[in-house]
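The task is to assemble the complex, starting from two chains supplied on their own in separate frames and drawing on the hints.
So the sequences go chain by chain: A and B. In this text, residue positions in the first sequence follow numbering that gives the first Met the number 0: the first is 0, and each later residue adds one. In this text, residue positions in the second sequence follow numbering that gives the first Met the number 0: the first is 0, and each later residue adds one.
Check before you lean on any hint, since a few could be wrong.
To be verified - Straight-line C-alpha distance at most 25 Å; calculated BS3-like pairs for lysine-lysine: (1) A/K57 to B/K72; (2) A/K157 to A/K216; (3) A/K211 to A/K222; (4) A/K211 to A/K18; (5) A/K134 to B/K342; (6) A/K49 to A/K134; (7) B/K72 to A/K49; (8) B/K72 to A/K134.
Hints listed in this document are in silico derivations from the structure and should not be mistaken for laboratory results. Keep in mind that this is a model prediction, so the values were computed, not measured.
This is what each chain is made of:
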Amino acid sequence: MGLARRLYRGEIDVDFVGKWRLWYSLSGLLLAISLAGLLVNGLNLGVEFKGGTIFSFKATQTSVQEVREAVLDEGVHQVIVQQAGTDGWRATTESLSEDTRAQVQSAIAKDFNVPVDQVSIQAIGPSWGGEVSQKAWIGLAVFMLAIILYLSMAFEPKMALAAIVALIHDLVITAGIYAWSGFEVTPATLLGFLTILGYSLYDAVVVFDMIKEVTAKLGHTSKQTYSMAANNALNHTLIRSLNTSLVAILPVAAILFIGTTVLGAGTLKDLSLSLFVGMIVGTYSSLCVATPLLVTLKEREPKYQAIARRLASTGGGGKGSGKGSKGSKSAAVAKG
Amino acid sequence: MLLALILALGGTMFLQSAYTPKLGLDLAGGTTVTLTPVTQNNASPPEEILDRAVNIIRDRVNGTGISDAEVAKSGDNIIISIPGVGQNEAIKLVATTAELRFRQVLAVAATQAPQDLATNAPTPGGTPSGSASPSASPSASPTAQPSTSQSITTPSASPTGKALSSALTAPTQSASAPAQGSADPSAKPTATQKTGQTGQDGKTGQDGKTQTAQDSKTQTGQDGKNQEQGGKKGQEAKSSPTAKATPSAQASTPPAQDPNAGIDTTGIDPAVLQQFNKLDCSNPANRGQGVQDDPAKQYAACETDGSYKYVLDVAKVVGTDIDTASAGVRQGTTEWVVQLDFKSKGAGEWGKLTTTAYNSPEPRNMVAVVLDGVVITAPVIQSPIPGGRAEITGGFDQLSATNLADQLKYGALPLKFNRSSVDTVSSTLGQDQLEGGLIAGVIGLGLVVLYCLLYYRGLGIVAVLSLVVATVITYTSVVVLGHNAGFRLSLPHIIGLVVSIGITADSFIVYFERIRDEMKEGRRTLRAAVEVAWVRARRTILIADAVMFIAAIVLYFLAVGGVAGFAFAMGLTTLIDIVVVFLFTKPFIALLARMKFFAKGHPLSGLDAERMSETSSTGRTTTPQEA
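Chain B on its own, in the form it takes in the complex (with noise of 0.2 Å):
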């Protein structure tokens, strides 16, 4: 078993081409970016708010709590290192504004240049062929198959795989209810959208961008149509989404050049219309994140592939209403969701809005998500949604499902930022402090080694294997992590995991003084005292371990950025020396008990009964009362 753990550590590690640790900022170096705030004009941001805004920015980096960056206020400005050169995405992911809010859709309409669709779309749900959502019909298993020349065949499916592409809905149905909640549920979408979203999903992870752009690419000829439809999401009517899209959406073309056309005004400010006529979201400029809504104004906006704009109604829910979000697999299904909790006011909020838009005419059975000014998707609204809880769908991948889930949860930017500089930086350590930590590192396992061997002479053998083979498995398991969950080691770490090699050292030593008790009492064949020994400290170390475990895991979720990632880190080795200690110590011991060497207590042994218990003999008779 130990074997297999070695090797498929090792294994994951071959696979994976990565062979040393990831190391944090102090050893690697990083990126180190200031933000400078933009307010009207240019006027120090108070500074409560600039605090709050580091807290955020720290949180945001630090999310994965094992990342080990940092965060620090220089005046107005906000510097950010982060472990690791080119960090410039998880930089653009920390300092967006990530301003959350709902808001009705009054009106829709399609791009009118679809030529930028190909190179800039950029995030989640503007994929038409996204993840359609019947995720709960069975044959959504991903069969890998390239989406690419089903959707060109099929256009017509298309506006009805954008409307279920993203839809919002309770997520208590979500397990076996297809997406369409309460709408007809033989509104199973096409080949075409399943398609689709296998077409993603064999990237799953990999590269959403990537795969987000070559979608769009080939949705682009049918965008081209679409738009001819005017109000081309009003083609999908909650009741039969089938049946409509796709005779009813080629059928129905209304004048494309009439901005308005198809589109019902009413409660509409001629404002906000009129910006909407405007409103050219096939140029990126005007989708750009970072815009400042006013939630109690209406609004146009672009979807973040500027393939749709929309008129929207003012924000009823807003991003502080949102209590934590998560980031997941819908069960049963490839489908990446994020899944929202509200807080007890904006659950109570949120089922009105719901509610609402339930029961409005299309377009305005839609709630969009808009993130800093830009919609990130829009759904219709399958049932009103009370209870708090809300998923939403459309087109994740688990990169973009999880960073939407994070900006939600770790809150939003009160300020907008600039990057004003980007700056690699190396390690805050010198290399003179690596190089001497490595080598006082070697020196000491050195002397550990020399006086386990002079101490437990042949036991000592076994405490030295004992430790290699924890060094390797925490060296496996570190790698391993960094690559998969990045986990970065600092200084800090690599002194600690030393360290608990001398914790890891303990368990062995208790487990060796019991053995020699056991046969200091020189009742027992060493074989039996191996056995009656182990039982006995198995228990001590159990328990010590525990509580190691238990400093641990409090640790890693209350404290934050670099003692997190050593909390992390201490948890880990606690369960590298259970296991080394359960799958190695152990039987490797009862295994040498079966030899002369060992069982006769030669003095080199560490197990000589003469040298261990001269006087001992008196002490076993004295004790009556006792044994």
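Next comes chain A alone, as it looks inside the complex (with noise of 0.2 Å):
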């Protein structure tokens, strides 16, 4: 119980600023393991990216349920069953090999006791395909260019670009876990990670605002590097993180155990999961990845390490970012 109250009164004190380097390491395996991971399985592209082939046939006395198992039942991964007209049936797979094709066929034949000929076969083009995949990177490059403009106007560059890269961080690992996962990239999932881009951004955003209200008063006489003050600005939105984080969390936990264990693959599943990934990841990155590396652009401005030289000499202030939280704590407490 004791976390839990100390966490309630806001008495918590983690220095995440000080531990940086156990921060880049973590993140910097992370993030290599999740390039290896894209570079040797590479994503499981749904059927909206790599085309597919549709079975249509007409079956009266059947269900969706009944047409996805017999799909799946032959060795097809992803099946999309939907109702054509009165009864007929569409069932789209991914791209299947002559032999599965005809395996299929026959399956569904036997299955839904249509003759084999009545089942047609139709190969399908991705719906999302290259120029639209073009679009959405071009969308992202842009977008991200104008959040790095409106955060330098907002903040300072520095912190849009911490900004960024814990934006690309928290990127490049969901798509890391979704290649070793083998877990299916539909347009769902990416726009999962749509959301997890303004997730991430706007919880960085508000412990930056924090930051830039505390560091605003460093000056010439303050007892505080850069590193402390930043740390204590961290800890006092931590709550706040932690709390927004989780109530976001909830709803998507709750689809993503519903989508995973009551309704097995689906578009539930990719979607919740992305963004559970994608939220978890982003709430470190902004606590552990974006505000370090802020301090790390941020110490080397001659202003602050003015300041943190004349602490360290005169003892004041500790080891550099190292163990400044102790009364620091305390500072920002009141600072509110």
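Right under this line is the structure:
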């Protein structure tokens, strides 16, 4: 109960900034694993990206569930079952080999009691083709540029840079998890990614706003280095970050739980999984990547180097970013 | 204000009797169409042309950006899936070839069998009584008087009405001057045209089709007369339309049976002239869309409603010369116009074409707008139009103007397509997924509520109520947008909305934490703390929301299909967040701060000073440097 109570009272004091080496190595490792996964395995792109095979047939008295099972039984990984008209059925799968196609065709014919030649096979191209993906990438690039511009104006360029790096960090790691796990990437998954973008930025912005407020008062006489102040600010918004993340993750977790346990593969799982993973990574990165990165950038500035040197010589602030947090937690509290 | 907003949205819902959001393809199913390219000798079209067609169709169906349709290639075919059942109109539109060409008119004649007009008057420019261009005349304000009786009583006005019903002008003039442009400004059309327009405008946006058909019906009789006039458009001198329109139109009655009577045939390819003479525009088969006219040749064509046929010169300006197109209401009027911006090369050509036409005798002072081989409208050129901007007017209603603008904007399909199959399909998502999602959403929200109440106690109630308000506004907005802007909810949208609740909740959390900070300092009363904390929290909330909003805007404008819809939902919830926090949460907390329960820091209020700040007293004193 101790931790919970401390959290509630805002008494926690984690040295996020001081442990930057730990976070950087951890993130570096995760990024490397993710990139390796993307290179080795690649993403398991859905029908919407790669195109696929459509089986259409007419059958009375069957259900989406039955058709789905019949197709999946033949070693197919992805299937979207739709009813077309009154008794027409349409099962869209990933691109299948000649053999598998024939297999699925005969399985459908047998299971639903239709002549084999009445099960038509049609190859379909991607509905999210190259041009769409290209536009999406352009959108992403422009989006990042716009955010950098905005944050540079609202805060400062270094904060914008740190926020964007954290963002890319989140994206790469989430994508890496998809690559390694082999979960299917559908447009729904992509939308999940986009939500993460907004979410991760939102979190970083709230933290940076606090850092800006706290560090604005740093001057020649201050007894805090930039890293200490930033760490204070971070701890100060920690409860908020955790609360926000929890509130956002709870519904996603519920959807993921239902999506995986009760329903199995499907849009719900695709979407909630990317969100779930992305949110956890996003919360981690705004605490342990964005802020330490910002501090690393800022501590190079002469103004803050001077403070750090002075404090180091007087022994007032401990070693750089390291132990500064003892007296400073309360400082942040007082600041409000 | 908040109440007003909710009431307004709720009221709109009530008025439209629409209480449920429109759902996307994955949730509600839709209409799937297979388009088969029509090529000469049935050869497969080149891959890249097919790809181009796919992209154009995709742009068209997702033109609004929020409709969530799917377009995929299947062999040589293109499969389009549009959410909603019975979207045949939409499909027809997206599959329209829509190659636009501007051709100078060389000759014109009215159709011989006007009966047909009554039933087949599909598109804009065809209605003789259409929106007469005198839109600038102030009396053009809609009086919703049916045009019917009046039009019939003054048939003689109809050629003028026809002529003036469509015009191409440089938009710069359009605001103040009548569309006649350089023409005699006194050539104010008669009351007939005005009422003709009002009649139509009364129904604008509702059902252009029906109205158009009606109008045509009333005109049938007139057209019967008009055809006797031979080169009927020839009557419309740009110098003084009124003068000619009434008396001379009836006076000059060349024999109706001689097809070429009154037609100046100089410069017309005899083959085309023959084609023209044979052309029977009363037969709808001769004016169906999808004819590929060769832009390098002269061409005989019908008007979309079959009322006139034309000999047209080679196309000097074509659809690809157009940069963008948009539909809008001309300033100060209720007249729908389509505005065109030409690319630089197109602008030059356009200037030349209009100059040539302007300096030609009638009817060659008209430039026909030919879409898919059919003349949409053949406005009289009122003045040369340099500068690359132009407006097409002529009996458009909102629907037809928007459709045309979209077709022009999203380019010409490089292929002609046949619809080989139209299917109504169920949702791509199983019913189980939808139900599962809803159950999970409810569970998730329940957890959020529980957590808020446990953690923030009394303040949790504020949070929960704020969430409820946000949910109500979101729901009503989605319903209203679904019915008015074609916004369709797909599952990702719903999840996005649920997640954005987390972001909405963040605004409260930021604010609550600030209040708690203030209270921990213990220097202020709750009422003061609420205000001080608000100033600080407000800034954070606005900056963070601005980031979300930028994200939404960029993604909306640059991305496609589902992503745009998603971005739209994201922007919407961000706005709603701001509205709720400013208009509900903050005032509500300020109100609560007056209550003893909160102000005194009751243990259950969430602002219990004792529990929050056992240790902060030390904290306060040890930080002189910061305060």
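We went through each hint and held it up to the structure:
1. For the hint linking A/K57 to B/K72, the alpha-carbon distance of about 23 Å falls within 25 Å, and the restraint holds.
2. At most 25 Å may separate the alpha-carbon atoms for a hinted pair to count; A/K157 and A/K216 meet this at roughly 18 Å.
3. A distance of roughly 17 Å separates the Cα atoms of A/K211 and A/K222; the hinted pair therefore holds under the 25 Å criterion.
4. Proximity of A/K211 to A/K18 is assessed by CA-CA distance (about 21 Å); at most 25 Å being required, the pair is judged to hold.
5. Between the alpha carbons of A/K134 and B/K342 the distance comes to roughly 23 Å, so the proposed pair stays at or under 25 Å and holds.
6. With a C-alpha separation of about 17 Å, the suggested pair A/K49 and A/K134 falls inside the 25 Å cut-off, and the hint holds.
7. This hinted pair checks out: B/K72 and A/K49 have alpha carbons roughly 11 Å apart, not beyond 25 Å.
8. For a cut-off of 25 Å, the pair hint linking B/K72 to A/K134 stands: about 18 Å separates their Cα positions.
Checked against the numbered hints given earlier, this structure breaks none of them.
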